[in-house]
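Residue numbers (this note's numbering), protein chains in the order written: chain A, 1 to 270; chain B, 1 to 156.
Hint data in this document are derived by calculation from the structure and do not stem from the laboratory. Predicted, not measured: the structure shown is a model, and the values here were computed from it. Fair warning: there could be bad hints in the mix.
[To be verified] Restricting the straight-line Cα-Cα distance to at most 25 Å, the calculated cross-link-like pairs of lysine-lysine (DSS-like) are:
{"#": "1", "chain 1": "A", "residue 1": "Lys265", "chain 2": "A", "residue 2": "Lys218"}
{"#": "2", "chain 1": "A", "residue 1": "Lys12", "chain 2": "B", "residue 2": "Lys13"}
{"#": "3", "chain 1": "A", "residue 1": "Lys184", "chain 2": "A", "residue 2": "Lys95"}
{"#": "4", "chain 1": "A", "residue 1": "Lys42", "chain 2": "A", "residue 2": "Lys29"}
{"#": "5", "chain 1": "B", "residue 1": "Lys42", "chain 2": "A", "residue 2": "Lys29"}
[Unchecked claim] Over the 12 Å line for every Cβ pair with chain B, so calculated as not near, a few chain A residues:
{"#": "6", "residue": "Ala77"}
{"#": "7", "residue": "Glu110"}
{"#": "8", "residue": "Gly114"}
{"#": "9", "residue": "Asp240"}
By construction, the Cβ of each residue, glycine as well, lies at the ideal position given by its N, Cα and C atoms.
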Amino acid sequence: MILDGNITIPYKWTTGPAVGRFLGELRDKARIMGARCETCDKVYAPPPDVCGECYRPLDRWVELSGEGTVVAVSVVARRMPWSPVEPPYNLALIKLDGADTSILHLVGDEINSGDRVRALFNSDRAGSLLDILRFAKQEYRDASIVEKSQVSASEAAVIERTSFDISSLTETRQVFHALPVLFKKYKTDKQLTYYFSIDGEQWTVEVGPETCVVRPGKVENADCFLKTTREIFLGTIKGDYTPSLTDIMSGRVKTNNPILLQTFKNIFVD
Amino acid sequence: MPGREKEPALPIKEVRGQVSIPYHWSYGQALTRFFEESRDNKRLMGTRCPRCSSVVVPAARICTRCYVETSEWVEVSDHGVLHTFTTVHLPFPGQPTEPPYTYGLILLDGSHTYFSHLINEPPESLTCGMRVEAVWADERRGDLFDILFFRRETNS
Numbered sequence: 001m002i003l004d005g006n007i008t009i010p011y012k013w014t015t016g017p018a019v020g021r022f023l024g025e026l027r028d029k030a031r032i033m034g035a036r037c038e039t040c041d042k043v044y045a046p047p048p049d050v051c052g053e054c055y056r057p058l059d060r061w062v063e064l065s066g067e068g069t070v071v072a073v074s075v076v077a078r079r080m081p082w083s084p085v086e087p088p089y090n091l092a093l094i095k096l097d098g099a100d101t102s103i104l105h106l107v108g109d110e111i112n113s114g115d116r117v118r119a120l121f122n123s124d125r126a127g128s129l130l131d132i133l134r135f136a137k138q139e140y141r142d143a144s145i146v147e148k149s150q151v152s153a154s155e156a157a158v159i160e161r162t163s164f165d166i167s168s169l170t171e172t173r174q175v176f177h178a179l180p181v182l183f184k185k186y187k188t189d190k191q192l193t194y195y196f197s198i199d200g201e202q203w204t205v206e207v208g209p210e211t212c213v214v215r216p217g218k219v220e221n222a223d224c225f226l227k228t229t230r231e232i233f234l235g236t237i238k239g240d241y242t243p244s245l246t247d248i249m250s251g252r253v254k255t256n257n258p259i260l261l262q263t264f265k266n267i268f269v270d
Numbered sequence: 001m002p003g004r005e006k007e008p009a010l011p012i013k014e015v016r017g018q019v020s021i022p023y024h025w026s027y028g029q030a031l032t033r034f035f036e037e038s039r040d041n042k043r044l045m046g047t048r049c050p051r052c053s054s055v056v057v058p059a060a061r062i063c064t065r066c067y068v069e070t071s072e073w074v075e076v077s078d079h080g081v082l083h084t085f086t087t088v089h090l091p092f093p094g095q096p097t098e099p100p101y102t103y104g105l106i107l108l109d110g111s112h113t114y115f116s117h118l119i120n121e122p123p124e125s126l127t128c129g130m131r132v133e134a135v136w137a138d139e140r141r142g143d144l145f146d147i148l149f150f151r152r153e154t155n156s
């Protein structure tokens, strides 16, 4: 027999002066403020009360533009009690212009490392980091405060999804972002490099018995390459399509090693 | 837009939140049978230790005194003696009911360990050593609150 229970722990967290002002600025003025250390000139956003390097109180405030560059992106597939939205969702480290630290926040599926992004503020703000709905590409510049109802359909779908399910993925990049989560150990005893070009979108995957590294871009001398269309790739990964001889003859599927492609499916899907 | 500090916003001094931790607790062999009997038959089951002959309630696979495997299942009474009790006035998360409420340690007839449960009587009317009896819930799901509470024994 199993008992299902739930422990709830209410808490009050005293923000301290720096985070308190940072959150107040988000709520009341929809702007991101950083704080500068006058000794080392480092700008923190969000700011601690004291510079981590000089131990000097941070009291010079700087308004940041809300724009920045994505340093890293990660897909969160597992639901945690504190998940801000339903998984899968993407978290990114964003280095804001004028700041020396990165801020962790939600981004849409279309965002990759290196992209320029801008904060989208919620029209209904409560004084939390989630007053920023997410960071989006800079084209959204004219609408930096949005109603929740204006969140794009694809993002709404992300919020409504209840569990991580490969059949729900619709974009090539989502599959590659999800690979480290889908990776199963000891399915291969070799170190293998795969290169994919899916409708021109290039991805490199390195797998070993216990490791899986995925990165955008091309690699030379891959053990196995696959060039095909998004439809065929997604269908094959989801298991509702098997490439036929015609696909290979017609050039819609190009690979140097079909056996290693099967190994790839074994490692991540079957 | 970016530039020097303008008029500052009102700071937020306190953030209130709630951590929610869902869990599944597997009862294990002995407690599974204990709670099945409680849910289905309104029976309280203990296990007897082959070394010290104590009956442990709720049932446990290992004797809590001797650390040897218990060997025999025994049904114990849902009546017993109130060994001690305390009244809780302070509210805190995870309480079984609104304070004030009284918790007692009960030595059930036929058992040798203290069974802890709510005592639904005014605390000033309670004395250590008095007889109490269990009041069972109509709807039971296999946990300690298959028994609603204990009360003063009614003479039957």
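Do the hints match the structure? See the list:
With a C-alpha separation of about 20 Å, the suggested pair A:Lys265 and A:Lys218 falls inside the 25 Å cut-off, and the hint holds. With a C-alpha separation of about 10 Å, the suggested pairing of A:Lys12 with B:Lys13 holds against the 25 Å cut-off. Proposed proximity of A:Lys184 and A:Lys95 is contradicted: the alpha carbons are some 33 Å apart, above 25 Å. Proximity of A:Lys42 to A:Lys29 is assessed by CA-CA distance (about 24 Å); at most 25 Å being required, the pair is judged to hold.
For the proposed pair B:Lys42 and A:Lys29, the alpha carbon gap of about 61 Å is over 25 Å, so the pair is violated. The Cβ of A:Ala77 sits about 18 Å from the closest Cβ of chain B, beyond the 12 Å cut-off, so the non-interface label holds. With a least CB separation of 25 Å from chain B, A:Glu110 remains clear of the 12 Å interface cut-off, as annotated. Every CB of chain B is more than 12 Å from the CB of A:Gly114 (nearest about 22 Å), matching its label as outside the interface.
Look at A:Asp240: its CB is around 33 Å from the nearest CB on chain B, clear of 12 Å, so calling it non-interface holds up.
Comparing the model with each earlier hint shows violations of hints 3 and 5; every other hint is respected.
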